[in-house]
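Chemist: Based on the sequences and whatever the hints tell you, model everything.
2 protein chains.
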Amino acid sequence: MTINTNRRTFIGGAAALAVSPITAKASSRAKAGAFPRGFLWGAATAGHQIEGNNVNSDSWVMETIKPSLFREPSLDAANSFELWPADLDLVKSLGLNTYRFSIEWSRIEPLQGEFSTAMLDHYKAVIEGCRRRGLIPMVTFNHFTTPKWFAGLGGWTNPKSPELFARFCERATRHLGAQIGWATTLNEPNLALQLWTTMPEVMHQLNPVFGPLKAAAARSIGSERFEMSNLMMLETAKQVLPNMIAGHKAGRDAIKSVRPELKVGVSLAIADEQVGNSAAKRDQVRSEAYGAWLEAVRGDDFVGVQNYARNVWNAEGKSAAPAAAKRNYSGEEVFPASLAGAVRYAHQASGCPVIVTEHGVGTDDDTIRAALIPAALSELKLAMDEGVPVLGYMHWSLIDNFEWIFGYGPKFGLATVDRKTFKRTPKPSAFVLGRIAKRNAI
Amino acid sequence: MTINTNRRTFIGGAAALAVSPITAKASSRAKAGAFPRGFLWGAATAGHQIEGNNVNSDSWVMETIKPSLFREPSLDAANSFELWPADLDLVKSLGLNTYRFSIEWSRIEPLQGEFSTAMLDHYKAVIEGCRRRGLIPMVTFNHFTTPKWFAGLGGWTNPKSPELFARFCERATRHLGAQIGWATTLNEPNLALQLWTTMPEVMHQLNPVFGPLKAAAARSIGSERFEMSNLMMLETAKQVLPNMIAGHKAGRDAIKSVRPELKVGVSLAIADEQVGNSAAKRDQVRSEAYGAWLEAVRGDDFVGVQNYARNVWNAEGKSAAPAAAKRNYSGEEVFPASLAGAVRYAHQASGCPVIVTEHGVGTDDDTIRAALIPAALSELKLAMDEGVPVLGYMHWSLIDNFEWIFGYGPKFGLATVDRKTFKRTPKPSAFVLGRIAKRNAI
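Respectively, the protein sequence lines represent chains D and R.
Just so you know, the numbering used here puts 110 at position 101 of the first sequence, and the rest follows in order with no gaps.
Just so you know, the numbering used here puts 64 at position 55 of the second sequence, and the rest follows in order with no gaps.
If you're looking for bench data, these hints aren't it; they were derived computationally from the structure.
Among the clues, some could well be false.
[Claimed, not checked] Only pairs whose alpha carbons sit at most 27 Å apart, straight line, appear in this in silico DSS-like list of lysine-lysine:
#1 R/Lys75 x D/Lys169
#2 D/Lys169 x D/Lys290
#3 R/Lys75 x R/Lys335
#4 D/Lys133 x R/Lys133
#5 R/Lys436 x D/Lys75
#6 D/Lys429 x R/Lys265
#7 R/Lys436 x R/Lys101
#8 D/Lys133 x D/Lys258
#9 R/Lys432 x R/Lys101
#10 D/Lys258 x D/Lys272
#11 R/Lys390 x R/Lys335
#12 R/Lys432 x D/Lys133
#13 R/Lys169 x R/Lys272
#14 R/Lys272 x R/Lys101
#15 D/Lys101 x D/Lys429
#16 R/Lys390 x R/Lys436
#17 D/Lys447 x D/Lys390
#18 D/Lys133 x R/Lys429
#19 R/Lys133 x D/Lys432
#20 R/Lys447 x R/Lys432
#21 D/Lys247 x D/Lys290
#22 R/Lys447 x R/Lys436
#23 R/Lys101 x R/Lys447
#24 D/Lys436 x D/Lys101
#25 D/Lys265 x R/Lys429
#26 R/Lys290 x R/Lys335
#27 R/Lys75 x D/Lys429
Modeler: So, in structure tokens, the structure goes:
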């Protein structure tokens, strides 16, 4: 089963099947000028997508049941569990100053209540490895995958899920938190709602398979239940919303109980929802996909924005993309100005400073990525010049990796990874981003 | 549930609950003199017992079902998956020339037929790490733990088990075999038979729990079946015997198909079965516990002997230990001459050269270990002087580790491991063995 998409999401198929006849003159408006001192320039990864052999995670279970929604299992991924020093060296060599990565709850708490000193030591070494190289470590405490025991307890439908997550955050921060530069709790906890709001037809098609897949996954771990954090029915997405918001807040407070001064936020999946012929429809989409979260994060140190697309809304639905648009691997529009649009909205709706915690494109044609980066950053700089506080930009992704149900098909990396030798090789776009980072200007 | 034992075995409780009034004058007979040039002096470990977080293994399943026969789960063990360089440094620093360790099938073949390049690379690095330090790597291809999918297919009761194991051996040798110094296929495949033969009363007590435990383990992995390689009913032990022998031979041939000149053997659990008032009883025990295997290995490059105890047989059963005997952690006799007795028998019955692949004692009193090592080696040297070809001696174990159902209670290490920092600290006995190794003489 395949969902076309122009962004990388957990179940993949996100928004932006369509676009209005608006032409993309935006990039020509970009002003020259430096980014603020201390602007975070980075690349992002996630544990399950690069480490390999994350066998204790919910995703591994879903990847290996038969039949599976996944094109292939993650297996070795990029072997970053062993080769993380090569990843850090790559970030450094490009001239970036920040590395966003996640720690794997499935490894750190392999059994409920049993915390692995060995695995905490592992991630502490990664964080210290960043510092030794002069890189700022931005740590995602949970990037989608949860321990399979957590899924077996009902995942985020479990009323105890917020406190289970908070305990993990507290223990992890106590062990490895000293050198963390920036923290996020959850990655795209609004993703399921966004998908149900912006591509309901695809989700309705998928809906019938969720039940049998969950049942098979539950059986395979000897449980009655199985809930992942991002592959879910609409009613489940509504059910987990308050628990995930409570989980973010409890996790944030747990992290700050150990390191009160550490800046903590949450990363949200935000498409640039634009008005076609219906502001009402656009506003409804915003409200359903982002409203509760942008309300919940008011007062946070920052909000993480993860953007890959725009949607142009008419009363009848989304507009089609313009014929001349650049396309990503699945044929969807690549629209550089969408990032600035999402950032403006996130800031306006939440009042928070913004960090772009993900932005990128899945494509085998690196010239598209190399063009997208300066174009999107020019638009972002415009928004900043208008007064939107933006603290950093993390490109998704440092390296080609395991793209969830799409397996190793889509290529989002600034560098390729040889699937046999695991050798990383930067693409030209990596140097485009690196040059901008080193100059701190486009 | 606890089984007293003076040796480390998979389900723990091995032989030697008893001993005759024979006094241990043997060590006084030891001749001075050097061991042969090139004698292998080493220490031994096993992946599951030291690596930690071997979550894809059959043992992890059995450790984490509730109730469990295991005192505690293995969790981080000694964190040797990350700290293997510290282990190699320790072996080197003691003056030993060989390191016996195992590669984890559960990691290398996480799903049936899917071989992990990342994990093969991992063990290749360990092997190369030995060579860089001038250590000879002696590799156990399977030290008890199997992938849980293998257990779910019925373990060694599965008629296809020999070919599944052989395929693993072939793939592993192809990837990482170039620098291996010595190889063994299986570790103590005769253990269950030995336990049923030498301590039938304990095994009969355990027997009723095997069924429910296996059923619970099977349910927890969504399978109909579950069979571990060493925790089994008598009828299962008899059923797996031909498959394990076939597995050893197929594994050996697979290894040699890639590296024809590599010496390959199998390690057998062999107590020194002595005659009390009944040679017939002793011979019956030998036949049932070792006979088929010592027959099967005829023509092999060597046979690995793993000895921890003697049993003195009377028509009525085993003799009690003499009152003045040294005792191990569980109160059983420590009898230094048992090693030489087992080695003599293994050579005589198989015709093979011998490598002592395990020998040691579980005790909190390191003076017992420090005394055992030279005493047992003096007896071994006598046997060698008599003409028994012995190629090396691997002490069990390099470091304190996870002792199967007994958890972290019994201490077999030449070095302690801090359970929080994982720091290794050699005990005095380690230097006793090291001095002998460096002098190549007692």
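Chemist: Hints first: check each against the structure and report whether it holds.
Modeler: Evaluated hints:
Taken as a hint, the R/Lys75 and D/Lys169 pair is honoured in the structure, with Cα atoms around 22 Å apart against an allowance of 27 Å. Note on D/Lys169 and D/Lys290: the hinted pairing is violated, with a Cα-Cα distance of about 35 Å set against a maximum of 27 Å. Restraint check: the Cα-Cα separation between R/Lys75 and R/Lys335 comes to about 36 Å, which exceeds 27 Å; the hinted pair is violated. The hinted pair formed by D/Lys133 and R/Lys133 meets the criterion: a straight-line CA distance of about 25 Å does not exceed 27 Å.
With a C-alpha separation of about 51 Å, the suggested pair R/Lys436 and D/Lys75 falls outside the 27 Å cut-off, and the hint is violated. Distance hint between D/Lys429 and R/Lys265 is fulfilled; the C-alpha atoms sit about 25 Å from each other, no more than 27 Å. For the proposed pair R/Lys436 and R/Lys101, the alpha carbon gap of about 15 Å is at most 27 Å, so the pair holds. Taken as a hint, the D/Lys133 and D/Lys258 pair is honoured in the structure, with Cα atoms around 23 Å apart against an allowance of 27 Å.
Between R/Lys432 and R/Lys101 the CA atoms are separated by roughly 16 Å; this keeps the pair inside 27 Å, and the hint holds. For the suggested pair D/Lys258 and D/Lys272, the alpha carbons sit about 13 Å apart, so the restraint of at most 27 Å is met. Taken as a hint, the R/Lys390 and R/Lys335 pair is honoured in the structure, with Cα atoms around 22 Å apart against an allowance of 27 Å. Between the alpha carbons of R/Lys432 and D/Lys133 the distance comes to roughly 17 Å, so the proposed pair stays at or under 27 Å and holds.
The hinted pair formed by R/Lys169 and R/Lys272 meets the criterion: a straight-line CA distance of about 25 Å does not exceed 27 Å. A hinted pair counts as satisfied when its Cα atoms are at most 27 Å apart, and R/Lys272 with R/Lys101 qualifies at roughly 23 Å. Restraint check for D/Lys101 and D/Lys429: the C-alpha separation of about 24 Å stays at or below 27 Å, so the hint holds. Between R/Lys390 and R/Lys436 the CA atoms are separated by roughly 24 Å; this keeps the pair inside 27 Å, and the hint holds.
Under the criterion of a C-alpha separation no larger than 27 Å, the hint pairing D/Lys447 with D/Lys390 is consistent with the structure, at around 16 Å. A distance of roughly 14 Å separates the Cα atoms of D/Lys133 and R/Lys429; the hinted pair therefore holds under the 27 Å criterion. Straight-line distance between C-alpha atoms of R/Lys133 and D/Lys432 comes to about 17 Å, which keeps the hinted pair within the 27 Å bound. A threshold of 27 Å between alpha carbons decides the hint, and for R/Lys447 with R/Lys432 the separation of about 24 Å falls inside it, so the pair holds.
At roughly 20 Å between alpha-carbon atoms, D/Lys247 and D/Lys290 fall within 27 Å of each other, so this suggested pair holds. Using a Cα cut-off of 27 Å, the hinted pair R/Lys447 and R/Lys436 holds, with the two alpha carbons roughly 17 Å apart. Annotation: proposed proximity of R/Lys101 to R/Lys447 holds, straight-line Cα distance about 11 Å (limit 27 Å). Restraint check for D/Lys436 and D/Lys101: the C-alpha separation of about 15 Å stays at or below 27 Å, so the hint holds.
Distance hint between D/Lys265 and R/Lys429 is fulfilled; the C-alpha atoms sit about 24 Å from each other, no more than 27 Å. Using a Cα cut-off of 27 Å, the hinted pair R/Lys290 and R/Lys335 holds, with the two alpha carbons roughly 26 Å apart. Pair hint R/Lys75 plus D/Lys429 does not hold up; C-alpha atoms about 40 Å apart against a cutoff of 27 Å.
Of the hints listed earlier, those the structure fails to meet are numbers 2, 3, 5 and 27, in rising order.
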